[in-house]
Amino acid sequence: MSGPGEDVPRFDRRLFDPSRPVSRIGDGALGGKARGLLTAARVLAARGAELELPGLAIDLPALVVIATGVFDAFLDRNHLRAVLAEEPSDEVVSLAFRRATLPAEWLGDLRAIAVECRRPLAVRSSSALEDALGRPFAGVYGTKMIPGNQPGSDARFRSLTDAVKFVYASTFFHEARAYRRAAGRAAKDEGMAVIAQEVVGLRRGERFYPDLSGVARSYNFYPAGPASPGEGVVQLALGLGKTIVDGGACWSFSPAHPRSAPPFGSVRDLVDSTQSEFWAVNVGPPPPYDPMAETEFLVRAGLAEAEADGALRGAASTYDPRSDRLVPGTSRPGPRVLDFAPILVQGQIPLVDALRRLLAVCADALGAPVEIEFAVCLPPEGRVRLGFLQVRPLLVSEDAVEVSPEELEGARVVVASTAALGNGRQAVEDVVFVEPALFEARLTPAIAGEIESLNRSLVEAGRPYLLIGFGRWGSTDPWLGIPVRWDQIAGARAIVETTFPQMNPEPSQGSHFFHNLSSFQVLYFTVPHLSARAVDWDWLERQEVVARTDHVRHVRAPGPLVLKVDGRTRRGVVLRPEGP
Amino acid sequence: MVTTGVNAYEMAQAQFDKVAAILDLDPATRELLRQPMREYSFSIPVRLDDGRVRFFRGFRVQHNDARGPSKGGIRFHPQETLDTVRALAMWMTWKCAVVDIPLGGGKGGVVCDPHNLSLREQEQICRGWVRQLARNVGPVADVPAPDIMTSGQHMVWMLDEFETIHGGHYPGFITGKPVGIGGSQGRTEATGYGVVFTIREALRELGLEVKATRASVQGFGNVAEHAIRLYTQIGGTVTCVSCWDQTDQAAYTLRKGSGIDLDELLSITDRFGGIDKAKAKPLGYEVLAGDAWLEQPVDILIPAAIENQIRADNAPRIHAKVRILAEGANGPTTPEADAVMQEKGIFVIPDFLANAGGVTCSYFEQVQSNMNYYWDKDEVLAKLDAKMTAAFHAVSELARKRKLFPRDAAYVIAINRVAQACHDRGWV
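In order, the protein sequence lines correspond to chains L and R. Numbered per numbering that gives the first Met the number 0, the first sequence spans residues 0 to 579. Numbered per numbering that gives the first Met the number 0, the second sequence spans residues 0 to 427.
Since the hints were derived computationally from the structure, they do not count as laboratory data. Predicted model, so just to flag it, every value in this text is computed and none were measured. Incorrect hints may have been included.
Restraint ranges, calculated between C-beta atoms of paired labels, are given here [as the list claims (entries may be wrong)]:
#	chain 1	residue 1	chain 2	residue 2	range
1	L	Gly151	R	His422	28 to 38 Å
2	R	Arg399	L	Val114	34 to 44 Å
3	L	Glu85	R	Lys400	23 to 33 Å
4	L	Glu85	R	His168	32 to 42 Å
5	L	Glu85	R	Pro177	36 to 46 Å
6	L	Asp75	R	Lys278	18 to 28 Å
7	R	Gly166	L	Arg202	48 to 58 Å
8	R	Gln152	L	Gly151	48 to 58 Å
9	L	Asp75	R	Arg270	23 to 33 Å
10	R	Gly344	L	Gly183	54 to 64 Å
11	R	Ser40	L	Arg76	39 to 49 Å
12	R	Gln34	L	Pro285	20 to 30 Å
13	L	Pro150	R	Lys400	48 to 58 Å
Beta carbons: idealized from backbone N, C-alpha and C, even for Gly.
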């Protein structure tokens, strides 16, 4: 639970003040993300010596936290609570917030940031509720990058205040309301702080981005190959971390086995499945004015642009079709593949060592498994900069649940998986499943909408449910799976991802999706369609139909289904009730 | 309008002379700056509603425009004098200079009592005033604004007359216009908010937490209202406010130890800023004598009414707890009372700094009007904060470095800037 923020010094109208890495504007709580950053600052201050490595410097990018008191004053003085009582559309919320005035006493501080800062800033939510509940509301609230490249301080100030209002407005967008409802909380329980933080990166022409961004966890819910859960996992992407948090293609590895590639079927598969586009802050000519779009100042570019920018030095290998091999580096012509081999295999920079140490130090400091976010810049000359962007405890269920191999073969098994995620036991009577006979990959966006409506009525009725579908849940690519947002399935207590002959992606959720799985302790079953024991569709289709949409059916079992996942063995099973 | 027999112009000149000596200004510069560069005095004929014709005396004084077009309000008051207007024009020069906006100082007035004039008659005075001065004022020469007993409506009449004479649209001719007809967002709040921005900075310098402070305010007009609002919003408590009772022709102080409720008091306030005493008592307010506001055990005094309210005779009654005097009004403290402030160790935020938020926002309005492009309120208030905060720290730093009384430090900065502009132009 965050305190009133009294332990953080007031913003002194200087963002880049080495004596104050973290400062605050306004009173009130600082929210979950800001607490994480404060922890990061404390870890660096107390144990920086343990993190020293030749040629690499770890720092906390300059930041200021706009505390929840400013948010409350903004809502109250502009009488926005009355507008919000009607639960208006996102567009109406956006417009009302954009027209409203930020509290006068803090505007001078925001202007000081705009005057001083001529480089990109990330303006992020830092929810008091996520802090209070002890779990991150990952991806629920808005984040906005602003470029800081406008020549006039007035324009920079406008983009900063627009970004702050955008984050405030996102607190009341449909997705956030649904998420809070699923967590059993009302809008009035939420207090929103905002973090304005320097973006770690380098300017390359009209783009500004880090050489790589990453998320590292000291505990791995998805161990693959030789890795074990306790060794942790790291995901890397070129450019801004948005690629990772959105669930885009990125590179995963165990920090204990950095040379082990993810389990791709062939080099060709690997070439096709790795990151081919990246996000950057647009520091070119101003884009069309769209203050309520999260991506207003972002651009997406491909690997050719990154190579022209000189940003593939540490990130890419080159595919050699003659030998069907990847050759680390970009010295020869050929397709580039983002496998980060120059860093992970050749050890160009001591990143893996730095991450191992950082994870260990943070886990020790927090007394729990942790997740950290970071970004790395490889300047043409000088030390590598590792910007430490976030640290938070990971929720790992400690309940002892055992699922024996024999149980997977039992007569009551509806779903059995040897690649389940999470740990624990649940009981539900409702099942929502995508009908196999009606499923086609092209229909996934429509299916997402149908699931949302069923989820809404189940959440309102207070009935948790088991969700079964095809492909990668939460995929941003509708051809790889059903592109649901978390709020659209937030009432599910367990999720089954089954593959389909035409839809057979590697299970790999985006970090926000992943986070919500773990923070809501949702059990996740992966069931290949070719496995010996697939989903018992016949039994499902015999159950009482509660509701039915074009492609999705909601059924109710005559008694509770038992759902169990053994996190250590990754065996999971769904058992139907006793009886016929 | 000098209510205590003090000649404001003589007072302004005395203040100037004192600072000129500190700055060791040369005789020519002193002569130039201790009197106005231009003065206009004229009659305005108006046919009254009853058919009679009456002549009203009008003034405009342009004290100095070395740094930019003259800027200053137009006052309607039965006791207006040319000397008062001269003094106020001079103070405008210093005020614009201390917050470092590119404007000179001016002031205008008409000897009249709007209480006894219909709106049509007031409109005729406004239009007559502009007809007399149309060639001597304007967006690049002299930019008037509302002042005592003039409002946005008066400004719109004046603008309309000016534009009729010159045959075009010149919204930058005048400020204080209503929003929607060339006015600026934030103008209404600007003076009061500016007072609080300087108080906030002074509290930080003194190491005081605003939430632990209390304030007493003289006056309940626009400046007081917005100063009270923002000061309360940032956590302070106003325990006392005084106001003018138009019926009794006397001032009263209302006190509530737990803190006044601004909106509650506004709901029982007449259009002259008089709070209904009878309605205030049941709401828990004590009604005290008019100058009781001065004697309260508070941390901050905010005189936000009229001139010469803190004098040698009543300044000793200021409570020992008071740490800050923030002058929301123009000239509320006499030089003799300043000496008492120094003895008591009170941090004085001088009027032409504390209440410069109004002219700063007027300058923003003029800029917007000249561009015909208008900013949102966030932008206006943020710029206002930046200007006021920077000006406060410049004054405070100089006062600390040279061990000057804050008023003198502010004058030193302002007069030095104006003198430098006159030198640069080759006038002296």
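Against the structure, the hints:
Separation of L/Gly151 from R/His422 is about 31 Å and conforms to the stated range, judged on CB atoms against 28 to 38 Å. Look at R/Arg399 against L/Val114: about 24 Å separates their beta carbons, and that is not inside 34 to 44 Å. A C-beta distance of roughly 57 Å is found between L/Glu85 and R/Lys400, which places it outside the suggested range of 23 to 33 Å. Against the hinted window of 32 to 42 Å, the Cβ-Cβ separation of L/Glu85 and R/His168 comes to about 41 Å, which satisfies the hint.
Separation of L/Glu85 from R/Pro177 is about 31 Å and departs from the stated range, judged on CB atoms against 36 to 46 Å. In this structure the hint that L/Asp75 and R/Lys278 lie 18 to 28 Å apart at CB holds, the actual value being about 26 Å. A hinted range of 48 to 58 Å for the beta carbons of R/Gly166 and L/Arg202 is consistent with their spacing of about 51 Å. A C-beta distance of roughly 34 Å is found between R/Gln152 and L/Gly151, which places it outside the suggested range of 48 to 58 Å.
Between L/Asp75 and R/Arg270 the C-beta distance comes to about 27 Å, which sits within the given range of 23 to 33 Å. As the Cβ distance of R/Gly344 to L/Gly183 is approximately 56 Å, the hint placing it in 54 to 64 Å holds. Checked against the given bound of 39 to 49 Å, the beta carbons of R/Ser40 and L/Arg76, roughly 46 Å apart, stay inside it. Separated by about 51 Å at the C-beta atoms, R/Gln34 and L/Pro285 break the suggested range of 20 to 30 Å.
Take L/Pro150 and R/Lys400: their Cβ atoms lie about 34 Å apart, and the range 48 to 58 Å is violated.
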